[in-house]
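Visitor: Just need the whole structure built from these sequences, with the hints factored in.
Under our numbering, the residues of the sequence shown are numbered 248 to 589, in order.
Hints were generated in silico from the structure; no laboratory data involved. Fair warning: there could be bad hints in the mix.
Restraint ranges, calculated between C-beta atoms of paired labels, are given here [what the hints assert, rightly or not]:
id: 1; residue 1: ARG296; residue 2: GLY562; range: 42 to 50 angstroms
id: 2; residue 1: ALA423; residue 2: THR384; range: 28 to 36 angstroms
id: 3; residue 1: ARG374; residue 2: GLN535; range: 35 to 43 angstroms
id: 4; residue 1: GLU549; residue 2: TYR444; range: 24 to 32 angstroms
Every value quoted in this text rests on a predicted model; they were computed, and no experiment measured them. By construction, the Cβ of each residue, glycine as well, lies at the ideal position given by its N, Cα and C atoms.
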Amino acid sequence: MPEDRTPGVPPARPGPGGGEFEIELNPPGAEAEFVEKLNLCFDHWGDARTFDWCFRRPAAPAGDLLVARGDHGLVSGAAVTYRTVVLPDGRQLFSGIAMAAWTLPEARGKGVFGRLLAGCVRQAARRGAPVTLSWHTADNVSTRGVQRVGAGMFPTSYAFSGPDTPVPAAGLAVSAVAGEAGWERVRSALEASRVGYTRIGYSPAEWRAQFVDRPLGSELVAVGEVGWAVVERAGEWDRVQALVADTDAGLDACLAALLRRAALSGRRLFVFSSLPSWARRFSRLGLQARPGFLSVMLGDAEGLGRALGVQPEAGAFAHSRLETPGDPWYLGPWNVQSGDRM
248 MPEDRTPGVP PARPGPGGGE FEIELNPPGA EAEFVEKLNL CFDHWGDART
298 FDWCFRRPAA PAGDLLVARG DHGLVSGAAV TYRTVVLPDG RQLFSGIAMA
348 AWTLPEARGK GVFGRLLAGC VRQAARRGAP VTLSWHTADN VSTRGVQRVG
398 AGMFPTSYAF SGPDTPVPAA GLAVSAVAGE AGWERVRSAL EASRVGYTRI
448 GYSPAEWRAQ FVDRPLGSEL VAVGEVGWAV VERAGEWDRV QALVADTDAG
498 LDACLAALLR RAALSGRRLF VFSSLPSWAR RFSRLGLQAR PGFLSVMLGD
548 AEGLGRALGV QPEAGAFAHS RLETPGDPWY LGPWNVQSGD RM
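Guide: Here it is in structure tokens:
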């Protein structure tokens with residue numbers, strides 16, 4: 248029987264031919280194969296530069312790779328990155344983020360993904376992160392895997408334009424902003440807009456690494472005189488990685504202007520938010536929407552209890568407490584946008 252190199256993570260069920268898939272943590276030299284097979288499962292995920300930006304950036308703790316190995320190489324993989332979550336009262340919580348999960352067809356349905364996901368949560372806890380986050384659409388197979396592991400589930404909305412999306416009438420002008428002062432202005436405005444919510448916290452250097460120095464580059468635009476957006480162009484998509492405006496009406500006008508700009512350029516718009524009010528905005532604008540979840544998986548109840556000032560109780564922990572307003576273990580409401588995810 249192959250050795251399980253990830254403490255606390257049992258090997259996956261036997262695959263074709265009767266062998267077990269070996270679970271490994273940070274195997275030397277696996278990065279290129281990890282990226283190659285991730286791109287087989289999710290076309291255009293990225294290259295070695297994308298990998299380094301996600302998992303090896305200087306402004307953040309190094310990420311961890313977990314992989315399942317079969318007789319002929321890697322068959323599944325996932326990664327954990329590390330961020331600081333800021334709670335509504337300003338307290339900070341070091342957290343893992345499970346991402347870049349993939350499984351080759353021959354290894355699906357054999358328990359591999361669940362083993363890797365559980366391994367991500369345990370590895371994050373070993374590194375001092377009591378919780379591990381993940382983002383996924385509601386219809387993704389990952390949702391079922393997360394539910395089996397156990398998680399607080401916070402609704403999110405993925406929205407995008409298509410051929411039948413109405414093009415808004417002319418409104419606010421969208422113009423490129425140059426210079427460092429513009430980036431600092433939007434960073435400060437975005438941070439101020441999230442006070443009172445659970446959110447991802449960034450130092451100035453971390454924010455720049457996350458939103459500005461992305462592998463595909465970022466464009467900062469002003470929308471009229473009421474808002475700012477960070478837009479990443481990928482293929483046919485204009486991905487709105489961050490959007491902030493002075494008022495709710497300003498947000499609606501900004502989204503309409505960004506949609507119009509994309510449509511008139513023959514492109515499609517993508518936006519994401521964890522706020523229910525934004526999901527309603529997307530609907531009013533005529534965007535197609537896919538519901539999703541921000542999942543919070545608990546790896547260390549005592550560590551989370553210390554961060555929250557709550558004493559863990561004896562017995563099994565009900566993960567629904569993490570998503571229940573008024574419960575002392577509640578970790579919402581969340582305010583995150585697309586650029587926070589990856």
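Visitor: Report the numbers of all earlier hints that the structure fails to satisfy, in ascending order.
Guide: Hint check: nothing fails, all pass.
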